[in-house]
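Protein chains in written order, with the numbering used here: chain U, 2 to 78; chain B, 59 to 208.
If you are wondering where the hints come from, they were derived from the structure by calculation, not from laboratory data. Ideal placement from N, C-alpha and C gives every residue a C-beta, glycine not left out. Mixed in with the good hints there might be a few duds.
[Claimed, not checked] Part of the chain U face toward chain B, derived, beta carbon under 7 Å:
(1) Met2
(2) Ala14
(3) Thr54
(4) Ala57
(5) Thr60
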Amino acid sequence: MGVRELLETLAAAVVENPEAVKVSEADEDGTIVLELSVADDDYGRVIGREGRTAQALRTIVKAAAPDGRRVFVDIID
Amino acid sequence: MSVEERVRTVVGSVVEALDPDAEFKIVDDGEVIKVDIDGPDMGQIIGRHGNTLDAIQHIAYRAASVDRTDMRRVEVDAGGWRERRAIELREIADDAADEAIEAGQSVSLEPMSASERRVVHEYLREREDVDTTSEGREPERYLVVEPLED
Numbered sequence: 002m003g004v005r006e007l008l009e010t011l012a013a014a015v016v017e018n019p020e021a022v023k024v025s026e027a028d029e030d031g032t033i034v035l036e037l038s039v040a041d042d043d044y045g046r047v048i049g050r051e052g053r054t055a056q057a058l059r060t061i062v063k064a065a066a067p068d069g070r071r072v073f074v075d076i077i078d
Numbered sequence: 059m060s061v062e063e064r065v066r067t068v069v070g071s072v073v074e075a076l077d078p079d080a081e082f083k084i085v086d087d088g089e090v091i092k093v094d095i096d097g098p099d100m101g102q103i104i105g106r107h108g109n110t111l112d113a114i115q116h117i118a119y120r121a122a123s124v125d126r127t128d129m130r131r132v133e134v135d136a137g138g139w140r141e142r143r144a145i146e147l148r149e150i151a152d153d154a155a156d157e158a159i160e161a162g163q164s165v166s167l168e169p170m171s172a173s174e175r176r177v178v179h180e181y182l183r184e185r186e187d188v189d190t191t192s193e194g195r196e197p198e199r200y201l202v203v204e205p206l207e208d
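All chains, full assembly: derive it from the sequences and hints.
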C-alpha cells in the first residue's frame with residue numbers, strides 16, 4: 002500500500018462521509034506532496050483537538066514513506 | 059461497520075504499509091479494545107519514543123468512536139513495548155516522588171507523550187504522599203511531582 006492509499010484509508014476511517022475523502026499525490030523536487038480534502042463537515046474530524054488527528058496522520062504517513070523520502074501532507078479546504 | 063472492524067481497517071492498513079511481515083490481533087474485553095502488533099522488528103511501527111505507535115492508537119480510537127456511540131479506550135501495543143516502557147516509567151515516577159519528598163519541593167520530569175504521562179499520573183495516584191500535574195505545551199508537555207504535607 003502506497004502513502005496516498007494509506008492516507009485515504011486512514012482519513013476515511015475517522016470521518017462521517019468517507020465517500021468524500023480525496024487524496025492527490027504530486028512530486029515536488031523529490032518530496033511527495035499529498036493533498037487531502039474531505040466533506041465540509043469533516044474538517045474538524047481530520048484535524049482534531051489541537052490538531053492532534055492531523056499530526057497523527059502525518060506521523061504515520063511519514064513513517065510509511067518509501068526509501069526515506071520526505072512526505073508533506075496538506076489538508077486543503 | 060462494527061467498532062472492531064473500524065479498528066481492524068486502520069491497523070491493517072498501517073501494518074501493510076509499514077511492516078508487511080508483522081501480524082496483529084484485536085481483543086475486545088468490553089471495556090478496552092486492545093490491539094497487539096507483533097513481528098520480527100517492531101522499530102518502524104513503534105517509532106521514536108513510541109511516536110508512531112501513539113499516532114496509530116489515536117487514529118484507531120478516532121475511527122472506533124466516529125459515530126460517538128462507543129467511546130471506549132483503544133490501546134495499541136507492538137512487541138510488548140508499552141508494557142516494558144510502563145515498567146521504566148513507574149521506576150522514573152517512584153524516583154521522582156522519593157526525590158520530591160526528600161527535598162520538600164516539586165520535581166519536574168522530562169517531556170512525555172500524553173499516553174506516557176497517563177501511565178505516570180495513574181501510577182502515582184496510588185501514593186498518598188505526592189500529587190502530580192502536567193505543565194507546558196505539547197510536544198514539550200511534562201509532569202510535575204509535588205510532595206504533599208502530611
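Hint-by-hint comparison with the structure:
1. The beta carbon of Met2/U is positioned within 7 Å of a beta carbon in chain B (closest approach about 4 Å), and the interface hint is therefore held.
2. Look at Ala14/U: its Cβ gets to within about 4 Å of chain B, closer than 7 Å, so that hint holds up.
3. Here the hint on Thr54/U is kept, as its CB sits about 6 Å from the closest CB of chain B, short of 7 Å.
4. A cut of 7 Å between beta carbons decides the hint on Ala57/U: the least distance to chain B is about 4 Å, and the hint holds.
5. A distance limit of 7 Å between C-beta atoms decides the matter here; for Thr60/U the minimum to chain B is near 4 Å, and the interface restraint holds.
The structure meets every hint from the earlier list without exception.
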